[in-house]
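Trainee: These protein sequences, in sequence, are chains A and B. With our numbering applied, the first sequence covers 1 to 499. With our numbering applied, the second sequence covers 1 to 304.
For the record, the hints were derived by calculation from the structure and aren't laboratory data. Positions of the beta carbon are idealized from the N, C-alpha and C atoms, including for glycine. Any given hint could be a false lead.
Simulated restraints on C-beta separations [said to hold, decoys possible]:
{"hint": "1", "chain 1": "B", "residue 1": "Gly-14", "chain 2": "A", "residue 2": "Pro-399", "range": "23 to 33 Å"}
{"hint": "2", "chain 1": "B", "residue 1": "Gly-73", "chain 2": "A", "residue 2": "Ser-295", "range": "21 to 31 Å"}
{"hint": "3", "chain 1": "B", "residue 1": "Ser-160", "chain 2": "A", "residue 2": "Ile-452", "range": "51 to 61 Å"}
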Amino acid sequence: MSNPILLVAAREFRQIAATRSFWITLLILPFALAIGPLASHFMEKPHTETVMLIDRSGQAVPAIAERIELEHQRQVLQSLSRYSESHDLDRADPKAAWARHDHYYSDAEVKAFVAAGGARRAEAAMRRVAAPDTKPFDEPEADYRIVPPSPALAASGPADIARTLPGLVSPSRKDHGAEPLDYAVYIPADFARGGTPVQVWSDGAVAGQLMGVLQDTLTRAMRLHFLEVQGVRPETANAAQLIAPMIAVNRPSPGEGHEQVIIRSILPLLVSYLLLMSLMLSGSWMLQGTVEERSNKLLETVLACVSPNQLMYGKLIGTVAVGLTMVAVWVACAIGAAFATQGMIADFLRPALAPLSQPSVAIAMIYYFFAGYIMISMIFLTIGAMSDSMRDAQSYLSPVMLVIAMPFAIIAQAVLRDSSSLGVRIMSWIPIYTPFTMLARLGAGVPLWEVIGCAVTLAAFIAIEVVMLGRVFRASLLGSGSKPNLARIGRLMRGRESE
Amino acid sequence: MTALLLDQVTKDFGDKRAVDDLSFAVGDGEVFGFLGGNGAGKTTSLRMVLDIIRPTSGRIEILGRRPGRENSGDLGFLPEERGLYRTMTALETITYFGRLKGMTRGDARAEGKTLLDRFGLGSSANTKIEKLSKGMAQKVQLAAAVVNAPRLLILDEPFSGLDPVNQGLLEDEIRRLSRQGSTIVFSTHVMQHAERLCDRLLLLAEGRKAFEGTQDEARATLPARLMLTSRETPMGLPGVASVAQLGGNDGWSDWDVRLETGGDPGDLLLACTERRFALRRFEQSRPSLHDVFIHIVGGEEGQA
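Extracted from the complex, chain B is given alone in its bound form (with noise of 0.2 Å):
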């Protein structure tokens, strides 16, 4: 099943164009990655989504169902910029919005509680926000965006802000809530957390679709790289697009060799051996999300 659904969404503010023509699905029980820089679309395209705002144009579906406050027992949510009424305290603020999710009372406090000792803040329950430390109302935020234990998690930048320990946290979190079922999507500029966590991503660049699929296949839109050690230049073998020597010792020289887009390391190892090629080094060099995102975002925006 479709946890969620975009279909050739569209959203104008004025003249300007926030999200342009965007189409993606997170399958049930996945964790997606929602990549971009800043002024992307991620906010814009999670606020559609939540029925916050509305698309210009586009069809937008969640659990098979249309946008709207519906869906919210349903839905769990982190925005990027979190704040908490200041005098209410953490327990009331998490049954509170546990009860706009239409939870019974009841039920939203025995689960603000439970969430509240698992994140280490049982014994400040019921301490206003406004005499909790920054760190301890972020754990609070993340109670209030997961007590209805949300089908569909949405997560805006939910690591901007964190200490490590809060990061560390929320990791936790969504893995834990990603084995109960949860569909979990979450937008970051931060490649690190989604090399750890996603199942699969999607990478916007000014409002446009730039890549979605697995991590691998991300990796894939990079050349592969490798480093060898032969008596002779790899240049000419199959595939290898540029080769640049580092040094060499023995008659053995060391390279740093590209291969063209699209090439298998493995069908290069296969040409050397059939072709008695010498060797006696034979390195795979892993691209990092990170320098996916460079290479598919590119200029301004992917250093963001």
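Only chain A is shown next, with the shape it has when bound in the complex (with noise of 0.2 Å):
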């Protein structure tokens, strides 16, 4: 190798990988990808709430019991419905409830679906026609699990259960070892009457869904005494009910309609913030190494042996270089963890990798990607040439990274919301926003039209870039003195100030 562009692209490359920040950074994903499950798996709050129920009625508990257990296994039914569709396995018992997508589970489904084996039985039957490689059917986590009162709790009057249960409630019992409860509930014997209130402790907000349950199934008793006061037959009053509608529902499959659009875009998504935590971080060091070059008083010496044009390439292409390596490392941790887990990562990357499957979609984010790369470079390069210490590059850098980054976090938010919106598809035709919001923008699907001719408007907006910035490097590299203004600047870069 003796191009001298490529002789400073590798100096240049040299010089940031052997820098300590490189290497924290090329590692603190990997790290994060390792540590990310264990934290969340020591910080996760258990799913399943316990709540003690104190029932004066004699009757409620076995009825809140029940419609705990039936509302567990309705969402049991739901997964498993979804399960099947995922992978295709409705063939395995085709008149099976979980083989009905469009369709709110009725009680006395959820019921039938109970007492012909529950999950267990509907996988067994699903594992006979599914791909070996299928996962298994992952239960959901019950919501709730019912907690005994203590006999001499059970035994109380109402105002020793008042002034108890508070404290059994509070994180202090947590803290001390004590089984950790999240509700408690005192049900007076004559709340079916409508007299004393039923009344719920917590030490936080209440969960729509408990409250749901309780409401429906103490209400229900409060019913039927009432039926029957009014001389309806028990029977009668019971049959009453278990009237309910049938309701069907109607929504994609999995992994389509707008489910799809969040999927398929996270990838774009991210491709287009890693290009942006990478831009900054390997810009910045770029910058690092341009202003000790000018404050080493090495540019003559290198000066006088590449032009200024050749180091500049020299560096920009080094940059990308570093970047790139930083993404590759990156995105090759991400698949290898994807590999290791085989789970869920696997199970969300493949239709997150799905835009990839379009030749011209990798295309175009390769392209946007390596154009973004070098649009920003080239300001960093600039804004090096220009500086005498990292505090005077300090001063253009600050509302430099404001006016690239600040925007980053609405185009994300706004591509997931609606990729095709007025908003967003203004910032795509705004040049240095380009490859962020197109990037973000492709797993959605963009016309290619629009594809194509922000390309081409970005690719004219970088040539120019690299005239009119070339100006202000070639004439900044061997100036001392104070840093130029921004008049001074803009002659330059006009070219009516001689370099």
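Both chains are sitting in their own frames, so use the hints and assemble them into the complex.
Mentor: Structure below.
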């Protein structure tokens, strides 16, 4: 390799790669990938919440327990239905409840499902027709578990209960190693007659689902009592409780509709974010290198051997190589993690990688990534050439960073909400935001004319940028004294001042 | 063959003219001194030679070619303001600059090692620049400048900032390269170095050429000065511009005699002999380059 541009690029790469901050940054993502699941495992709150029921009526607890179990089994049935649809397993038992997907399962259907053997039986049937590498069905955790009160508490009077129960659900109880209790419910003997109110204690907001279960179960008991008082026969009153509408649910298949937009946008958004992150890092390292060359009076020696343009292109290539190396390592680690886990991440990655199966989208992503890198690196490079110290550089850099990075969060949110909204489309045509916006939008689908139009506009902008900032770069390399103000930068860009 | 040619070269920075209609030529194998005060245009001229900046007008030829990076394989350059990549080792630095000048990696490393050994830095070849002393780093810079055995070596104020040991080392290296046939152009405002090294020199004042020629020709621009001891005043002898009596004894007087510009002391001695002008002392005082510099450049610039 004797091309001066490549020699400069290689030196730039080696210099950055020799820094501690490069390695820390490079390894931080794999470290986060490794430690993330562990940390979330330790920090995750157990999903199942505990409920203590003190029932003076003698009838409510069995009904509430049955209701909680029924709701859990409804969830299991829904998940099973989703699982069957995702893995194309309906043929295992086309008449089974879980083979119906456009449906809200009634209580009777859920009870029939449980009576027929529940999830275990259904999964056994599915396994017979499933491909060998189909991941097993992951049954959702129950939302609530009923905890029996101590005999003393169960026998105590309302006043004692009102005194004791708040302490049982307080966080301090958990801190002292006692069994955690999320909710305590006191049901007085005369609740069905509308006498003493039912009381619920919690150490925070009460989950709507639990309130729904309590409300539904206790309301049924009250209505039953009311009907019986009105002379309705108990069998008739019970039958009335079972009347429920059939509700059909129309939704896209798993991984389609808005869900599809979100999943397919994840990878492009991630690429967009990686572009921004690696750009900021590698750009600032390159900037430090250029400032060092200026402050160390190195440039004259270098410029005797390579032209300013060769130096500029070499630095750009070196920086792009650093950024791409970081991205390549991060992507390799993510893929490694996906293969290693084989579970959730792989299932998530497969649809997320779907946009790459279209060559045009893959090519567009690579183009916008490279173009974005060159466009922003050129700005960093010019700032480095104008600055004698990092403090000098900071005064140029802060506003530039603000302009480049600030809209990113807005773009990401806007793309997930509606990738073809007017605001997002306008951002796509502003060259400095084109790479980020287009990368973020590509997953959700962008008309070809827009992809090409934005790409051409971006290429033209970069060409003009390289010419104009190249003038500033060359003029600033050997300059000394006070740093150029905006007016002078403008004159240099227009070529109205001698380089 | 002409190693370096500048023909009516002018360089303007905005309204300021840094170099004004400068023309000179440096022959192959010469050691050429480029002398001038601060701000005389030396660095600007050398940067134009190296194509770091372009002249406003005029023509430059290096080794028969136009200025450009294609010449870097034949050029060596040591700038006035020097620096190195702090995190590179001494050998990496020399190898890097060797490769930028078109050398292969192997050749650049081999020559780098030879130079470091010669400069007494063999054991520091793999030491990072930031760990070297200033003197050691200066040697590495010199090695990086000459690693390609340049046909034309350009040194901009090479002795500034060097301790006496490194000044001696640099002078030795210049002589060594000169013996090997390299052409050397160096700028300086320290006349002693120029006196010891230069075959020819050019004096630059406010961007314009004030003088070009050999050291003898430079000295000849100053009126010759003699110390005479005679019975009579030498005033009136042909070529004598002024005399000053310094003292006397036993009828003999000491005189400080200045000849007219261009006057030859030999002609004065001949005139004394022909006129039977009695002399007990005839001593020619040789002007230094410093005197010449002050005489030609004069004023504030000469004092710089």
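Trainee: Look at each hint and say if it fits the structure.
Mentor: Status of each hint after checking the structure:
Here the CB-CB span from B:Gly-14 to A:Pro-399 is close to 28 Å, well matched to the stated 23 to 33 Å. One distance hint, 21 to 31 Å for the beta-carbon pair B:Gly-73 and A:Ser-295, holds here, with the actual separation near 29 Å. Hint check: B:Ser-160 to A:Ile-452, Cβ distance near 58 Å, so the stated range 51 to 61 Å holds.
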